[in-house]
Amino acid sequence: MSLAGLGTAVMLVLGGRFYQLEVLRHKELLHKAQSNSVFTEYTTAPRGRIWDRHGKLLVTNEPDFQLEGIPFEVPHDAKHLQQLALATGQPPHKLKARVDKALKAGPLEPFVFARALNTPQVVAATKLLPQYKGLKLVIRERRRFAGGLHATHSLGYMGEITAEELKELRPKGYMGLDRVGKEGLERTYDGWLRGYKGVSKISIDALGRTVKTNQVRPPKPGCDLKLALDWELQKVAESALQEMLDTLRKENGELSGGSVVVMEAQTGAVRALVSLPQYDPRPFARGITQKEYTRLINQPNLPLLHRAVQTIASPGSTFKLVTSSAALSHGLCSAGTVFYCGGSYAGANCFVTSGHGSIGFEGSLAHSCDVVYYMLGVKLGVDRLSRHAQNMGLGAPTGIDLPGESHGICPTPDWKWKNIGDKWYEGDTVNFSIGQGFLLVTPVQMAVVCAAVANGGKIVQPHLVQQVVSYQGRIMARPGFKPRRRLKLAGNLWAAVRQGMRGAVLYGTGGACNSEYVHVAGKTGTVENMPNSENVHGRNHTWFVSFAPYEHPEIVVVVMCEKSGGYGGSRCAPVARKIYDYLYGPSQGIR
Amino acid sequence: MSLRAVVCSLLGLLTVGWLAVWSSAGWAGEGSKQLTHIIMGLGLLGLCAQSRPLSIRWLSTPYFFASALALLLVLIPGVGQTVNGSQRWLSLGPLGTWQPSEFAKLALILMLARVYQGRKPGWKAFFTAGACTGLLFALIAKQPDLGTALVLGAIFAGMSWVAGAPFLGLFTLIVGGAALAPFVLHDYQKNRLLIFLHPETDPRGLGYHITQSQLAIGSGGWVGQGLGQGALSQNGFVPENWTDFVFSVIGEELGLLGCWGLLALGALLAVQLLRVSWTCRDRYEALVCSGVCTLLGFQGLTNLCMTVGLAPVVGIPLPFCTYGGSAMLINLVGIGLVMGAAQADNAAPKLQELLKKTEPEAR
Ligand SMILES: [Zn+2]
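Top to bottom, those sequences are chains A and B.
Sequential numbering from 1 applies to the first sequence in this note's numbering.
Sequential numbering from 1001 applies to the second sequence in this note's numbering.
These aren't lab readings, by the way, just hints derived from the structure by calculation.
All the given hints hold, so there is nothing to weed out.
Ranges between beta-carbon positions, derived for each pair:
(1) Gly148(A) <-> Ser1032(B): 58 to 68 angstroms
(2) Leu6(A) <-> Gly1226(B): 27 to 37 angstroms
(3) Ala1005(B) <-> Ser2(A): 19 to 29 angstroms
(4) Val13(A) <-> Ala1138(B): 28 to 38 angstroms
(5) Ser2(A) <-> Tyr1188(B): 30 to 40 angstroms
(6) Leu1206(B) <-> Ser35(A): 16 to 26 angstroms
(7) Leu6(A) <-> Ala1181(B): 17 to 27 angstroms
Even glycine gets a Cβ: it sits at the ideal position worked out from N, Cα and C.
Chain B on its own, in the form it takes in the complex:
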């Protein structure tokens, strides 16, 4: 892994994302707060990159149960704060308002890495992992926050696959889940999921969001309308466009070149992260890396797809771009863990080279 490539692509993503938030929400509102989140996140990233993930492995279990507890707290009326009909936020007074479901994502990654760290995970490990995922999944689905629940599912699937869990179990779970979904979901939830196919049938609700987002992106053209110049982004035509639909601001104001640029930066970062997770020698660390890759990659691709009308709209943020403190911290900490793992990895080849150098002499 090239440290320079990671830093460049990460800073690039953060810059573009922040510019989009600042342009649509303004400095006085979310713009300045998001900058604080970024700075705090980068600090944590530096801290995490100093040491190997292995050294905080003992934290996995307590952190996991703390997350579950926080998710439980959120559900208690009067403790959790309700926005748009779902309880997602926990207020810590002067320390700000946080979203435990974001922290739960990292908790699941660390927990699953611990569960799967054995050489060849069998059914027992698979079921343990499934139970852990199921606990958080249920708590989050109760909020309800379908998007985050899906992300947890993706993390479980990705890490199980990487760990080499029983293929049959994984396959059954995915197919079964997909088959069961139509019966579990309410009608309105199904409609919501399918509305992206015909946004014009719901011109006043979510379909409106999808249409306006595509109009905004489409009016960008090759080079865009210019930062702060997007007629739709600036005049509130894409509602709350500093949150999940932040990409529509990038599309309208920075154009196709901006979109492609963002995609390229994301791809560069993904390749670097994946490389670390392949080359990690420690299984725990490799699993943490693959979990972080799944987290960022799944969220990024799904968000882009839903913004441009290729996937159903579920509340999944665009990593490093969407406004939000919890997600920003977690994502940057994730990168920090991978960088820590890579550092440990970088140290290893030196040892190997040392061995190689000594080998001929030994011969």
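With the rest of the complex left out, here is chain A:
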């Protein structure tokens, strides 16, 4: 019958068509179907913020509006570019030149027409979007220095991840084009600050259209850093040192750098860390150009160097803290020993060439008599002195939470043989005992040494970050909370050294730091230099290491000036005094 026949025919056609599609053309269609694909998109989490010890916001994020587009797709005739240039506040001829260059280099490569747009520019650009095909406004995040440009070396900056970094960090979830901390705390704590990326599955069909977006995991914001840094104190320390450097520049006619470490004597929490000159980190935040970077690294005063942790120099007489405590601990002298300085020892002169005559242990530190320490150094021998110096933290990184910390050099005969290719002479020991010669230290290492004297032998770990706090407010880490080790020396030995330092401030070389508000104890250091290419006049480096209050030490202040000329007592001690005056004076900065 005809209806049955018709029905059967249609059924057969349909069944056959199914067979054709699903069996005969299966491979072809499956292949095409798979060119519809699901992509995983990662969204960067909001980066953690950085706060000072009093809850002042130092570093946060701000949106960075960029106008991006495919140069070929965006109308690029003169009239349109003129409009675009006006909307983004750029000189039209410059934008045209850039677009022309991009059109030649890669007309289909994404191109940034303008970055860091301000609000009126964003509004103007938004109005342009509908008429410009292929132009889009992209919102990224960048760092904003909410507290102003201070401590820039310590806070650090971010930059695009390099191929080598990526190779190392890929297992931890880092990806190409990520921005990572390049310097300072941004780098040390990058893993905490960055949080976890959000994951979305995006279905893209064969035409490249987004069909469906499925958020698998939302981004998890990074942890905040609560610093031990005291922002107001940081500013005071920076301006105090800057004033001194300005004076030196007038006197010497050359730029020089310097650094200040203000640290809690008992815990190693860093209250201020100054390295001058500073650089402006904002170009790094928005993406520094090669030209700007080259200019920066070619400056003779090395603004990128974090002097407090990266400069190594001889400690000069401040090393006498080590020599004296070594001699005391080995019983070579006591707080009551009286020495005799005749002005020179074994061919090496005292700092006061006429000699100090009879001088007690306290006086030897207060007046910084070299001859006493030549004698003590030779009596100790290089091995015992070197071991004690190492125990106090020299020749090794202090473990401060900043990248690129210098080790310094704590010389031994072995070291000299390997590196200089010569044997150790007694003259080397003589030099070593007053902190000259091969010995090289960083300011932060001296802060640890001074803290050990002040707190009675605890070797603290300096740390800028007190707490790493998750976005939900949980404390995730407390870096450097515990001291690294404790030296087994009788407490009265340390008291003897402290007494010497107090003497230096009261009637000795450090008189310039005799604050009226607090009893400061300190030790000056003056490093004589031979003229060389970097230091053509052979100007002295100067040091001042100190702590206060003398009776119950709380704060360690180390000041160091490069190529300053003069003496530690005249160059560095006044800087330290300003810091103590701020902390303990009428402003009561500490409380």
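Dock chain B with the ligand against chain A, hints included.
Okay, now just chain B with the ligand, sitting in the frame of chain A:
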């Protein structure tokens, strides 16, 4: 008609269809709602199967005009709800949102059966039937809903043919309609109809739908990717694939065997329904049965053809599979009417056998 065959094939179709909707749209969305529709529909089916269609013949006219009224209401701005540019839905508040054009399909079947119930329908009956169809056709075409309008046309043609209406009139109407279509239709509508021949020329519109649907079916293979595993069905590559293109989900996830199975179930059901409409003794009931057969058969075959690229894409759902409450209820009620008619029919042979038994005695 075998009751068991009808129940088995119907439940089979409902199960496969629901699985496809559930797999592509999920339980929380359309999956659970469709299950409610099925249960409600099966309830109505049971109700209808209890009695003969003849007993509700008086309803035909009021139901028809109620449908026409509902279609009119839909067209009033603010009353009808617009989706994708055409007004199709009527909201009844807590009672859900319904599609009067689906109810109109059944209304037309009942009305035409009443018009044609006379022994030999002449020109007068034919024109009455044509006018009834034309009224609903115009109201639906106005929405615009070309697919449903076509279904109405098919019902009219099928039932007129079964009723034995004047062949000349039917022929003229079909040929005339087909000849007139190019002049009546807008250019975009013609393009839409013909796009299935070259889906690649419209990669961003309907052609995209057709291509993606065929890709999905083609990637199924013999046994399919597995329920819930279809890469295209699950990731939204076939847009709204729980509606008219639901078959692409079956093709991708259940494979050729699933497709053939669905076809076989449909064929089994069709054969059973057709059998009832042939054996019905009452003309009204026979016409209702043939109308239901046309409704389901035309929609099913057209939908399958458009899904696999053998026919133009017009919005015609796949009965028992495509998501939608109105269509599900109407289709199941249709089956219920046929089952009611069959029951009455089943009762009749008993009487005949009784007569046969008594005949020899009478001789
Ligand atoms: Zn002396």
